[in-house]
Amino acid sequence: MTEPVISVRDLRVEFVTRKGILKAIDGVSFDIMPGEVLGVVGESGAGKSVTGSAIIGLIEPPGRIAGGEIRLHGQRIDNLDPEAMRRIRGRKIAMIFQDPLTSLNPLYRVGEQLVETILTHTDLSPPAARARAIDLLNEVGIPAPERRIDGYPHEFSGGMRQRVVIALALCAEPDFIVADEPTTALDVSVQAQIIALIRKLCRERGTAVMLVTHDMGVIAETADRVAVMYAGRVAEIGPVRDVVKHPLHPYAKGLMGAIPTLEAEAERLVQIPGSMPRLSNIPQGCAFNPRCDRVFERCRVERPDPDTPRFGLEGEAPLMPGHRVACHLYTRNPVENAS
Amino acid sequence: MMAQAKPSETFVDVRDLKRVFDVSRPWLNRVIERQPKAFLKAVDGLSFEIRRGETFALVGESGSGKSTVARMAVGLLPVSGGTVTIDGVSMTDVKDSQTRQQLRKRIQMIFQDPYASLNPRWRVERIIAEPIHAFGLLKGAQVTERVGDLLTLVGLHPDDGRKFPHEFSGGQRQRIAIARALASSAEFIVCDEPTSALDVSVQAQILNLMRDLQKEFGLTYLFISHNLAVVRHMADRIGVMYLGRLVEISEGKRLFSAPRHPYTRMLLDAVPDLGMTGRQRQMVAGEIPNPINPPSGCTFHPRCPLANERCKREAPAMIDGVACHAVQEGRVV
Ligand SMILES: Nc1ncnc2c1ncn2[C@@H]1O[C@H](COP(=O)(O)OP(=O)(O)OP(=O)(O)O)[C@@H](O)[C@H]1O
Ligand SMILES: Nc1ncnc2c1ncn2[C@@H]1O[C@H](COP(=O)(O)OP(=O)(O)O)[C@@H](O)[C@H]1O
Ligand code: SF4
Ligand code: SF4
Ligand SMILES: [Mg+2]
Ligand SMILES: [Mg+2]
Numbered sequence: 001m002t003e004p005v006i007s008v009r010d011l012r013v014e015f016v017t018r019k020g021i022l023k024a025i026d027g028v029s030f031d032i033m034p035g036e037v038l039g040v041v042g043e044s045g046a047g048k049s050v051t052g053s054a055i056i057g058l059i060e061p062p063g064r065i066a067g068g069e070i071r072l073h074g075q076r077i078d079n080l081d082p083e084a085m086r087r088i089r090g091r092k093i094a095m096i097f098q099d100p101l102t103s104l105n106p107l108y109r110v111g112e113q114l115v116e117t118i119l120t121h122t123d124l125s126p127p128a129a130r131a132r133a134i135d136l137l138n139e140v141g142i143p144a145p146e147r148r149i150d151g152y153p154h155e156f157s158g159g160m161r162q163r164v165v166i167a168l169a170l171c172a173e174p175d176f177i178v179a180d181e182p183t184t185a186l187d188v189s190v191q192a193q194i195i196a197l198i199r200k201l202c203r204e205r206g207t208a209v210m211l212v213t214h215d216m217g218v219i220a221e222t223a224d225r226v227a228v229m230y231a232g233r234v235a236e237i238g239p240v241r242d243v244v245k246h247p248l249h250p251y252a253k254g255l256m257g258a259i260p261t262l263e264a265e266a267e268r269l270v271q272i273p274g275s276m277p278r279l280s281n282i283p284q285g286c287a288f289n290p291r292c293d294r295v296f297e298r299c300r301v302e303r304p305d306p307d308t309p310r311f312g313l314e315g316e317a318p319l320m321p322g323h324r325v326a327c328h329l330y331t332r333n334p335v336e337n338a339s
Numbered sequence: 340m341m342a343q344a345k346p347s348e349t350f351v352d353v354r355d356l357k358r359v360f361d362v363s364r365p366w367l368n369r370v371i372e373r374q375p376k377a378f379l380k381a382v383d384g385l386s387f388e389i390r391r392g393e394t395f396a397l398v399g400e401s402g403s404g405k406s407t408v409a410r411m412a413v414g415l416l417p418v419s420g421g422t423v424t425i426d427g428v429s430m431t432d433v434k435d436s437q438t439r440q441q442l443r444k445r446i447q448m449i450f451q452d453p454y455a456s457l458n459p460r461w462r463v464e465r466i467i468a469e470p471i472h473a474f475g476l477l478k479g480a481q482v483t484e485r486v487g488d489l490l491t492l493v494g495l496h497p498d499d500g501r502k503f504p505h506e507f508s509g510g511q512r513q514r515i516a517i518a519r520a521l522a523s524s525a526e527f528i529v530c531d532e533p534t535s536a537l538d539v540s541v542q543a544q545i546l547n548l549m550r551d552l553q554k555e556f557g558l559t560y561l562f563i564s565h566n567l568a569v570v571r572h573m574a575d576r577i578g579v580m581y582l583g584r585l586v587e588i589s590e591g592k593r594l595f596s597a598p599r600h601p602y603t604r605m606l607l608d609a610v611p612d613l614g615m616t617g618r619q620r621q622m623v624a625g626e627i628p629n630p631i632n633p634p635s636g637c638t639f640h641p642r643c644p645l646a647n648e649r650c651k652r653e654a655p656a657m658i659d660g661v662a663c664h665a666v667q668e669g670r671v672v
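Here the protein sequences come in this chain order: X and Z. Going by this note's numbering, the first sequence opens with residue 1, and the numbers climb by one from there. Going by this note's numbering, the second sequence opens with residue 340, and the numbers climb by one from there.
Bound-form chain X, shown alone (with noise of 0.2 Å):
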């Protein structure tokens, strides 16, 4: 068997604030094979780009992480010194975030960023770096890369951009990146490219990602597997089919619901009622339950934890395997759940 790029256990976050100790993330897990894409979907303060930090080691104070691990290719990275962790962010793991600027110099042309990171983290020459840089500036679809090479950031269109922050994260040829909302301020004709361009990578260089959005449409195109994360945890986790098409924790199918596509019918949209709890107030037991229309005792005072569900709730799809839902209707007697 092969085994994970990345593993993520029991993952814990806290923020130390005025109000007291707020728990961001709270015992999330998850793996990511070689060529894999996981997609991590929720609503905003669910905890995805707390997570995807951790993982890359920028969890400043007063944030911390405060339990589980977190390995690359078996080998622990969570607790490793600064500059360790500094090192293998350049080299073995890379970031691509919303906003391209936040990754571009706006002082240097593009190619000097390029072809200094490739200096840095490789053994090339630099008129071999420059080479190289202009073949993923190539490889990432800027058309004419042996002129625009020599452009600042602001001369790209922010479609353009995001590909050089690609090319720029592809550098060092890394065999795990983040990609942070890289979608999310473009226009659907651009994102459609930067998708097609992900998946390229992860075909053909065995890269796993972990790609971070709030667009059901996004994961459902680019994703592999998908994770539904609430209020600090992962609700379900699963096949991106089976958790796109058949979605089992009440939550996700309140957000598949209430997503209008191209072809629903629908005269109103699912509504999930309320909204999501602020993390100095998580109810106790399913941090779902004021809002769950399925609701009931054990609920209130027992955390669920994603497992893979016993049983099946009436007219739903049969249970996939690597299907995992954290709500207790699935450990639940079906007779009970009948009623």
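Don't read these hints as lab results, they were simulated from the structure. Each residue gets a CB set at the ideal place from its N, CA and C atoms; glycine is no exception. One or more of the hints may lead you astray.
Label pairs and their in silico Cβ distance ranges [unchecked claim]:
id	chain 1	residue 1	chain 2	residue 2	range
1	X	Asn281	Z	Arg369	51 to 59 Å
2	X	Asn281	Z	Arg593	42 to 50 Å
3	X	Asp307	Z	Gln481	55 to 63 Å
4	X	Pro127	Z	Glu590	58 to 66 Å
5	Z	Arg593	X	Ala131	47 to 55 Å
6	X	Met85	Z	Arg649	56 to 64 Å
7	Z	Ala654	X	Glu267	35 to 43 Å
8	X	Val335	Z	Gly614	31 to 39 Å
9	X	Ala131	Z	Pro375	38 to 46 Å
10	Z	Arg369	X	Met85	49 to 57 Å
11	Z	Lys554	X	Pro34	48 to 56 Å
To list a few chain Z residues with every Cβ distance to chain X over 12 Å, as calculated [stated by the list, open to error]:
id	residue
12	Glu348
13	Phe350
14	Asp355
15	Arg369
16	Asp435
17	Phe450
18	Pro470
19	Val482
20	Asp498
21	Asp538
22	Glu555
23	Asn647
24	Val666
25	Glu668
Could you slot chain Z with the ligands onto chain X? The hints should help.
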């Protein structure tokens, strides 16, 4: 409240609307660098009608001119040419300034960022009451009562009026913005990306609310969004914009089942497929060009798979809901 909507009646009439922005460098720079003045045609001859009680949507990529149209429609931005007529009153003709003042309270606007559009130092009750005072609609205790009713109408609590905008979530702030828009019993509401900053679950709440209110009060919406699925859900009719022009106007659902303009087809193809039908799509080519220096003829020609010599020379006219030579020449089926 008001007369039941008569669906066939034109309520908003936009004719040959134009807006040019001066985007020249400062005078001194121009002199030193010997550059001419530069102009950007953000909206370049746009015509459409909105019937009373319907939702007309504008879609298009960033920079296509949607917000510029919205701001001209409500009179927030002067036009460079063309006319906007609402319920028979010209928004653009100076002669109508008296009647236009009357019209103002019947038109409201909702923005993408509800936080930026709500005064952070005012309590919510004052924000919502502002149009009531501005148009002298009610007095004293009646105002308080009306504000409470409006808050209830948009799904908040009358007590929420005592709070400040920062005490609310994004979705709740958009509810406040909607309550304010309804305060003067507006009939025509221009909504510029009202849910683009919201999570999908909150977006669903706001879109449902907007529809309920439309049914209840016979509201007419000009609804602007870059999200095609949202537009499909909301609109009775849709106009597709590209570089300041309309390229296709269609009844809502038909735009999606039978798109005609090559740009509309390209946009639809680019929407990620949530149904996971595995449909093969044509990869979108290129990006929206620089609007300061738009391509000649049909401005879509550098990205269009059907472009020919005529397209490079001659801008196509809007005929029968679509502005495209290929469609008009019968080159597209
Ligand atoms: N005040 C202004 N001065 C100069 N140019 C402007 C001004 N306002 C808008 N523009 C330009 O006019 C064009 C249309 O802008 P507009 O904001 O209407 O686009 P939009 O379709 O609303 O885009 P988005 O989807 O990004 O909101 C753009 O090229 C924009 O840069
Ligand atoms: N520096 C910080 N201090 C306090 N709380 C934070 C900080 N960064 C993030 N959080 C909180 O952690 C939670 C998860 O945030 P985040 O991962 O950014 O959510 P998202 O899923 O939208 O990416 C949120 O409640 C957020 O407010
Ligand atoms: S555990 Fe209970 S409250 Fe939570 S989602 Fe399942 S049924 Fe609803
Ligand atoms: S007019 Fe020509 S270039 Fe423009 S959309 Fe039609 S075929 Fe394409
Ligand atoms: Mg985030
Ligand atoms: Mg706009």
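Outcome of the hint check:
1. At about 57 Å, the CB distance of Asn281(X) to Arg369(Z) agrees with the hint of 51 to 59 Å.
2. Against the hinted window of 42 to 50 Å, the Cβ-Cβ separation of Asn281(X) and Arg593(Z) comes to about 47 Å, which satisfies the hint.
3. Restraint check, Asp307(X) to Gln481(Z): a C-beta distance of roughly 57 Å satisfies the suggested window 55 to 63 Å.
4. Under the hint 58 to 66 Å, the C-beta atoms of Pro127(X) and Glu590(Z), about 59 Å apart, fit the expected range.
5. Evaluation of the 47 to 55 Å hint for Arg593(Z) and Ala131(X) yields a pass: the beta carbon distance comes to about 51 Å.
6. In this structure, Met85(X) and Arg649(Z) meet the distance hint of 56 to 64 Å, their C-beta atoms being roughly 60 Å apart.
7. Distance hint check for Ala654(Z) and Glu267(X): the Cβ-Cβ separation is about 39 Å, which falls inside the suggested range of 35 to 43 Å.
8. Range check, Val335(X) to Gly614(Z): about 34 Å between beta-carbon atoms, so the 31 to 39 Å window is met.
9. For the pair Ala131(X) and Pro375(Z), the supplied restraint of 38 to 46 Å holds, since their beta-carbon distance comes to about 40 Å.
10. Between Arg369(Z) and Met85(X) the CB atoms are about 50 Å apart, so this pair conforms to the stated range of 49 to 57 Å.
11. Checked against the given bound of 48 to 56 Å, the beta carbons of Lys554(Z) and Pro34(X), roughly 53 Å apart, stay inside it.
12. Even its closest Cβ contact with chain X, about 24 Å, leaves Glu348(Z) beyond 12 Å, as expected for a residue assigned away from the interface.
13. The non-interface label for Phe350(Z) is consistent with chain X: the shortest C-beta to C-beta separation is roughly 23 Å, beyond 12 Å.
14. Distance to chain X confirms Asp355(Z) as a non-interface residue, since its nearest Cβ pair spans about 27 Å, more than 12 Å.
15. Against the 12 Å criterion, Arg369(Z) stays outside the reach of chain X, whose nearest CB is about 20 Å from its own CB.
16. Even its closest Cβ contact with chain X, about 38 Å, leaves Asp435(Z) beyond 12 Å, as expected for a residue assigned away from the interface.
17. With a minimum CB-CB distance of about 18 Å to chain X, Phe450(Z) clears the 12 Å threshold, and the non-interface call stands.
18. Against the 12 Å criterion, Pro470(Z) stays outside the reach of chain X, whose nearest CB is about 27 Å from its own CB.
19. At roughly 29 Å from the closest C-beta of chain X, the C-beta of Val482(Z) stays outside 12 Å, upholding its exclusion from the interface.
20. For Asp498(Z), the shortest C-beta to C-beta distance to chain X comes to about 17 Å, beyond the 12 Å cut-off, and the non-interface label holds.
21. In this structure Asp538(Z) is not separated from chain X by more than 12 Å, as the shortest Cβ-Cβ distance comes to only about 4 Å.
22. Even its closest Cβ contact with chain X, about 14 Å, leaves Glu555(Z) beyond 12 Å, as expected for a residue assigned away from the interface.
23. Asn647(Z), annotated as away from the interface, keeps every beta carbon of chain X farther than 12 Å; the closest lies near 22 Å.
24. Taking the minimum C-beta to C-beta distance to chain X, about 20 Å, the non-interface status of Val666(Z) holds against the 12 Å cut.
25. Listed as outside the interface, Glu668(Z) is consistent with that label: its C-beta sits roughly 25 Å from the nearest C-beta of chain X, beyond the 12 Å cut-off.
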